[in-house]
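*Asks:* Here is how the chains run, residue by residue.
2 protein chains.
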Amino acid sequence: MKNFSFYSPTMIKFGEGSITKLNTILMGKYKRVLLHYGRGSIKKNGVYDGTIDELKKAGVKFFELGGVKPNPRLSLVREGIKIVKDNSIDLVLAVGGGSVIDSAKAIALGAATEKDIWDYFLGKERVKDALPVGVILTIPATGSEASMGTVITNEENSLKLSVNHDVLRPVFAIMDPTYTLSLPENQTFAGVMDILSHVFERYFTNTPNVDFTDYLCEGTIKSVIKNAYSLKKESQDYSARAEIMLAGTFAHNGLMGLGRQDDWASHIIAHQLSALYDTTHGVSLAIIFPAWMKYVYKDNLEIFNKFALNVFNISDAGKPKERVALEGIEKFQSFLMKIGLPTTLREGNIPRDEFFRMAEMATINGPIGALKVLNREDIINIYKLAE
Amino acid sequence: MKNFSFYSPTMIKFGEGSITKLNTILMGKYKRVLLHYGRGSIKKNGVYDGTIDELKKAGVKFFELGGVKPNPRLSLVREGIKIVKDNSIDLVLAVGGGSVIDSAKAIALGAATEKDIWDYFLGKERVKDALPVGVILTIPATGSEASMGTVITNEENSLKLSVNHDVLRPVFAIMDPTYTLSLPENQTFAGVMDILSHVFERYFTNTPNVDFTDYLCEGTIKSVIKNAYSLKKESQDYSARAEIMLAGTFAHNGLMGLGRQDDWASHIIAHQLSALYDTTHGVSLAIIFPAWMKYVYKDNLEIFNKFALNVFNISDAGKPKERVALEGIEKFQSFLMKIGLPTTLREGNIPRDEFFRMAEMATINGPIGALKVLNREDIINIYKLAE
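Chains as they are written, first to last, in the numbering used here: chain X, 28 to 414; chain B, 28 to 414.
Source of the hints: derived by calculation from the structure; they are not laboratory data. There could be a bad hint or two in this list.
The list makes no distinction among identical chains, and a pair is therefore deemed to hold if it is satisfied within one copy or across any two copies.
Each computed PhoX-like pair below joins lysine-lysine, with the alpha-carbon atoms no more than 25 Å apart [claimed, not checked]: (1) Lys88 with Lys348; (2) Lys187 with Lys358; (3) Lys29 with Lys48; (4) Lys112 with Lys259; (5) Lys84 with Lys155; (6) Lys83 with Lys58; (7) Lys155 with Lys58; (8) Lys260 with Lys29; (9) Lys253 with Lys29; (10) Lys29 with Lys259; (11) Lys365 with Lys411; (12) Lys259 with Lys151; (13) Lys48 with Lys71; (14) Lys399 with Lys83; (15) Lys155 with Lys142; (16) Lys253 with Lys333; (17) Lys96 with Lys29; (18) Lys58 with Lys321; (19) Lys48 with Lys155; (20) Lys56 with Lys187.
Kindly generate the complete structure, drawing on both the sequences and the hints.
*Replies:* Shown next, in the form of structure tokens:
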């Protein structure tokens, strides 16, 4: 086990009706709130009205900024920072999924400084402080509701960059699984893959002697897969929605990676697809992860054997380790197919003629990954495996 | 899954040498510190000197109060409260195991109020605030380093009572597994049982549809058992010490019980042994838990079957569920025997003539437990099963 630091202070209020806790959380603590949201779905499903009721009960003055799009934009972040500063706002309340939360975090960061917000993403400024961010979660996927990260796209130059710091961890997250009952199937299962990917990036490691987190990762993967199958059968299954929402938070708050070396190569490789072809993040991951697994598994047969045995109960009787590992990967890929996600570029209707360019972009800061360090050629091979 | 609230803000610095983070944590944030510890073991193993070095580096003024005993006493807590108030101390730093941490929490609670500290334990006063508590952990067992609870004994009337509130969660915990390498075998394995018991009280539940936490609990139990066996072979195994230390924190910070109904009957039943015969807490639990399991398993065969199958890999082929459940319990009891813990009153050299009195004390506030609600007769039967 490696040495580590862990800090996850987000207060979670979980379950049907937990929005009614909001006024108590706010009262006496926050006076002026920026309500930040996306493109209006919360106005259709009642989440907006429920939130406004609570803000009124709490007696806070609130301001609104909607319009967050997937891959949240710097221009809207700048707009938010101005509203917060002009109105002495003391809490940014994100109502939505990962994009809204990431946008809220960037606003909270920019509002606590006189420096230009983009300089933090460029690494020119060091993060010291941020306003508190609260979350009302409507889409389980990114784990941003308890994570330390935010990813913002600068639409002027198409740069998509991240900032990671403990001050960006939300102070509270209200998580009501009933909000997710109306999510369409493609969004539900792209979210499932996003959640699984956060565990995978931590689980597939060369760090030895990490039993406790091995088990936590395997348990989380099993729980997500089991409940994804349940949702494939019955989208209105509250229990399954709740399990996936809960797992999504702990998949990315740092718990699963305690004492382990993370990887994150697959995220960078998948990200190039989203950047070039606007593929949904979870879909890009569903296409890249099986290919990455097939490319790297021989470099750590032990962990891929564990994956096959402990997650998929594959029998290893009389089989060479390579065979067992491959069966685990196949089983995972077949799970993705069963929940309707594409697992190849072809299935995703994604062009297959820019592998070199994407591999170059993926390695712009040098080789990537940790379980196996990948250079440009490796990444091209992975794209080929994903064809 | 039940609705729940979860808040675990303790910042963890984990690994060999993590004491060197202390001065940075303190600097600029705390000015006057009460160093609270036990009966001097930290002066022998270097932990005390390491801590003092860091306090000096941080430039804080510090005061000392040692002498905490197992089952920490109210009189010492009162002494601590006076020192804190007289010297405007702003952080109580516990260096030790669960007793020291619990004592520090009670001091931190009492120092933030003009009310009498014991009234909080009697439930006459409602907790609102407490001073921050920091922890340098030397014994993995109680999980108090990240939990919301403190248990204090009033030596005037032998009442042992607890307070539970989120303000009692330590703000930081420094956890260096090398500190635990010198723990004697009996203390190590009593700690192991304490850790397992915190998972059991959450795992054995009637709450349906809690896959995610089922898996977390099972994984934690498996990890602790595996690494306890490693320590039985080789007490200087850093990795095994680290795994158990880490599991101990998450076993009792609330994570394992998210959305589940807790039980806690076994703790109350075991506590009477400790109260009457001064048995080590972990030893009392090792004696009571197998008996409790054998008494209640028929009331929820499902969860005891899961325990047998998922934790101990027992084959259920062609066996009735009762048989499978019992085999799991036997396997667990045999684990305790292998690590040298007594699993019966006889083996623990504990008198067996006060069952009625102990059962009466256990039910002083009415029936206990949740998986099966237990009355006085039930508890006498459990003591008999533990004979």
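*Asks:* Next, verify each hint and record whether it holds.
*Replies:* Verification of the hints:
{"no.": "1", "hint": "Lys88 with Lys348", "result": "neither (62 Å within a copy, 59 Å between copies)"}
{"no.": "2", "hint": "Lys187 with Lys358", "result": "neither (33 Å within a copy, 53 Å between copies)"}
{"no.": "3", "hint": "Lys29 with Lys48", "result": "between (38 Å within a copy, 15 Å between copies)"}
{"no.": "4", "hint": "Lys112 with Lys259", "result": "neither (45 Å within a copy, 60 Å between copies)"}
{"no.": "5", "hint": "Lys84 with Lys155", "result": "between (33 Å within a copy, 22 Å between copies)"}
{"no.": "6", "hint": "Lys83 with Lys58", "result": "within (11 Å within a copy, 40 Å between copies)"}
{"no.": "7", "hint": "Lys155 with Lys58", "result": "both (23 Å within a copy, 21 Å between copies)"}
{"no.": "8", "hint": "Lys260 with Lys29", "result": "between (41 Å within a copy, 23 Å between copies)"}
{"no.": "9", "hint": "Lys253 with Lys29", "result": "between (31 Å within a copy, 19 Å between copies)"}
{"no.": "10", "hint": "Lys29 with Lys259", "result": "between (38 Å within a copy, 23 Å between copies)"}
{"no.": "11", "hint": "Lys365 with Lys411", "result": "within (23 Å within a copy, 53 Å between copies)"}
{"no.": "12", "hint": "Lys259 with Lys151", "result": "neither (45 Å within a copy, 51 Å between copies)"}
{"no.": "13", "hint": "Lys48 with Lys71", "result": "within (22 Å within a copy, 49 Å between copies)"}
{"no.": "14", "hint": "Lys399 with Lys83", "result": "neither (53 Å within a copy, 43 Å between copies)"}
{"no.": "15", "hint": "Lys155 with Lys142", "result": "within (12 Å within a copy, 38 Å between copies)"}
{"no.": "16", "hint": "Lys253 with Lys333", "result": "both (18 Å within a copy, 16 Å between copies)"}
{"no.": "17", "hint": "Lys96 with Lys29", "result": "neither (38 Å within a copy, 33 Å between copies)"}
{"no.": "18", "hint": "Lys58 with Lys321", "result": "neither (53 Å within a copy, 55 Å between copies)"}
{"no.": "19", "hint": "Lys48 with Lys155", "result": "between (30 Å within a copy, 18 Å between copies)"}
{"no.": "20", "hint": "Lys56 with Lys187", "result": "neither (34 Å within a copy, 35 Å between copies)"}
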